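Just so you know, the protein sequences line up as chains A and B, in that order. The working numbering numbers the first residue of the first sequence as 26 and each following residue consecutively. The working numbering numbers the first residue of the second sequence as 91 and each following residue consecutively.
Just so you know, these hints were derived from the structure itself, not from any lab. As the structure is a computational prediction, the values presented were derived from the model and not from experiment. One or more hints might be untrue.
Listed next, with one range per pair, are the computed distances between beta-carbon atoms [to be verified]:
| hint | chain 1 | residue 1 | chain 2 | residue 2 | range |
| --- | --- | --- | --- | --- | --- |
| 1 | B | 91 | A | 104 | 54 to 64 Å |
| 2 | B | 267 | A | 56 | 47 to 57 Å |
| 3 | B | 340 | A | 76 | 21 to 31 Å |
Not everything, but these chain B residues come out facing chain A in the computed CB check (under 7 Å) [as the list claims (entries may be wrong)]:
| hint | residue |
| --- | --- |
| 4 | 114 |
| 5 | 170 |
| 6 | 184 |
| 7 | 268 |
| 8 | 269 |
| 9 | 272 |
| 10 | 280 |
| 11 | 281 |
| 12 | 343 |
| 13 | 387 |
Computed footprint of chain B on chain A; a stretch qualifies when at least three of its residues, placed anywhere within it, have a C-beta under 8 Å from a C-beta of chain B [stated by the list, open to error]:
| hint | region |
| --- | --- |
| 14 | 49-58 |
| 15 | 92-105 |
| 16 | 150-157 |
| 17 | 178-188 |
| 18 | 221-234 |
Backbone N, C-alpha and C fix where the C-beta goes; we use that ideal spot for every residue, glycine too.
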Amino acid sequence: MTSDSRARVLARIRAAVADAPEAPDVTRAYLPRHTADNPGGLLDLLHENLADYRAHVHRTPPDGVADLVARLLDERGARSVVVPPGLPEEWLAAAGAERRGDEPRLTPHELDGIDAVVTGCALAIAETGTIVLDGGLGQGRRALTLVPDLHVCVVRAPEQVVASVPEALPRLDPTRPLTWISGPSATSDIELDRVEGVHGPRTLEVILVTGP
Amino acid sequence: MPAFPEAARAAIGDPTLRANLRHATHTIRDKRARAVAELDDWAELRQAGKEIKDRTLRHLDTYLLQLEEAVTAAGGTVHWATDAAEANRIVTELVRATGETEVVKVKSMATQEIGLNEHLEAEGIAAYETDLAELIVQLGEDRPSHILVPAIHRNRAEIRDIFREKMGSWGRPAPEGLSDTPAELAEAARLHLREKFLRAKVGISGANFMVAETGTLVVVESEGNGRMCLTLPETLISVVGVEKVVPGWRDLEVFLQTLPRSSTAERMNPYTSMWTGTRDDDGPSAFHLVLLDNGRTGALADEVGRQALRCIRCSACLNVCPVYERAGGHAYGSVYPGPIGAILTPQLRGTASEVDASLPYASSLCGACYEVCPVAIDIPEVLVHLRERVASEGGKGHRLERAAVKAASWVLDRPAALAAGQHLASATRALHPKRLPGPGARQWSEHRNLPELPAEPFRDWWKKNRT
């Protein structure tokens, strides 16, 4: 009976620590960030760290997003693309690929037949080269950025870029499903040789949108 | 299961295994040192990690109850398991209730610890490991030998052979003409597993962290197989040790900096998934959390040993350990190998069996494991503490060791006796056996090479050459 087990585990814990000294409060003497507060430098660092983990990084002003998205889909031979709910329409305005919405929800098999996905993000972390998705507008549910082989992710700088992990967490809502992405899917399980693309998207294209 | 010395001897005699291990551990340890050096506040992060875990353990009951409430409020169901048998029973019943006979699995130390796959198989449920290394281990009917890279003991040619021979009997066979390049092998795994991901109705995982305050579970991984198992199935079952809870959302800022750098030596691992209960519009519609004791509360009661429960399973201690590097993971006879395994396993399982009693001795006490531990577990301290426990439980080997030390003290206190002994030893050098005779002593030298004696005592040499 699991309710008995609950009582038993809790009783064992209480007995185990009954004589233990009180644990002190946590001292948080570590740094909130490791880089200077400079938006331009932060963007460069994000760019560098994303590229270091084999993401392909591009920069464009807002009016260049549509052409860039179209070019990237084209270059990767993507003939179909999933469009998450709430994705700004203009981002796909120039794309020739067939668009697939997620309403009604695509089955895993349907998703497997689609070449690419284009999304926004919740934020990006410069020091670690990480993009965080929270299922908000323009991002879709987690499967959309997982099953197709090409993920094109648009980051709006500077407002979506934070320096560090300690700066990222307070801006995220833990009740939302969160996916942190640092470069494309990778494995080092065979003689520690890094191979990109095992089960997640093999290609991650990140577009950093700068300017007004 | 043989005791550590017997198991290690086989590994030490296998040159392929030793080469694979040496390459792997040295590569990761060098990369780790560089990744850690990037952060000037590493010492402070390490201290904070230690303090967060100590505080959690001191009030573990409070945090588990808070976690249970938060997970339940978010639509999940929490189960409690006192031991492996109970956890296996709970998971089996949950899978049965879905009507399914196969599950996909995220790499999880907790489910390996309880032997979940074997139990499910006996109950007629197929459990597919989806981490590449775990797949290699499963197809090869092998055992994992490292916490982070379980197939570290296999080289690419061995892996190709396993894929060619075994993939077909588990599902999609390996492609024709499969070579041994890592890229082709990874692609073969991708194709083999994708059909399983797409049809899976039940996923089983562990978790790296559980946040008491919010009910959020966290899985860090690289390949995306974790994301597949956590998001595509309709039912998700997570089996997690009670010590994996952390009090607050903010605490993740410490561990998400220290865990990736300590384990894979990356600034951040490619994928981290966080979920809180269930959601109508995303992911599994049913979520079950099985909280596992299985010896953890016993370890918690030991005031020296309880620090082992701080472990975040980064495996940095394995990669710097001279004993692990030579003996390999299998010699430890447990899913937790290396220095952390040497202190965790005897605490979780007790020291009654020969293998568990031998584990606290599977170390040279060099202290490298403590240096690299991101939550500052003083592994050498716990090893010595556990040796005391094993010794106090008796055994003739230990009595003989004490007798030998007593005899040595007598000789060393008497210079004339020492000099005479040394001359005698040098003069009879050619006659010395390679093994010590007698009960206890023979066992000792079975696993150790006796040092060769010099042609003359050092004191004589010094007198001749330096005075």
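Each hint, compared with the structure:
{"no.": "1", "hint": "B:91 to A:104: 54 to 64 Å", "in the structure": "holds (55 Å)"}
{"no.": "2", "hint": "B:267 to A:56: 47 to 57 Å", "in the structure": "holds (52 Å)"}
{"no.": "3", "hint": "B:340 to A:76: 21 to 31 Å", "in the structure": "holds (30 Å)"}
{"no.": "4", "hint": "114", "in the structure": "holds (6 Å)"}
{"no.": "5", "hint": "170", "in the structure": "holds (4 Å)"}
{"no.": "6", "hint": "184", "in the structure": "violated (11 Å)"}
{"no.": "7", "hint": "268", "in the structure": "violated (13 Å)"}
{"no.": "8", "hint": "269", "in the structure": "violated (12 Å)"}
{"no.": "9", "hint": "272", "in the structure": "holds (4 Å)"}
{"no.": "10", "hint": "280", "in the structure": "holds (6 Å)"}
{"no.": "11", "hint": "281", "in the structure": "violated (10 Å)"}
{"no.": "12", "hint": "343", "in the structure": "holds (4 Å)"}
{"no.": "13", "hint": "387", "in the structure": "holds (4 Å)"}
{"no.": "14", "hint": "49-58", "in the structure": "holds (count 8)"}
{"no.": "15", "hint": "92-105", "in the structure": "violated (count 0)"}
{"no.": "16", "hint": "150-157", "in the structure": "holds (count 5)"}
{"no.": "17", "hint": "178-188", "in the structure": "violated (count 0)"}
{"no.": "18", "hint": "221-234", "in the structure": "holds (count 5)"}
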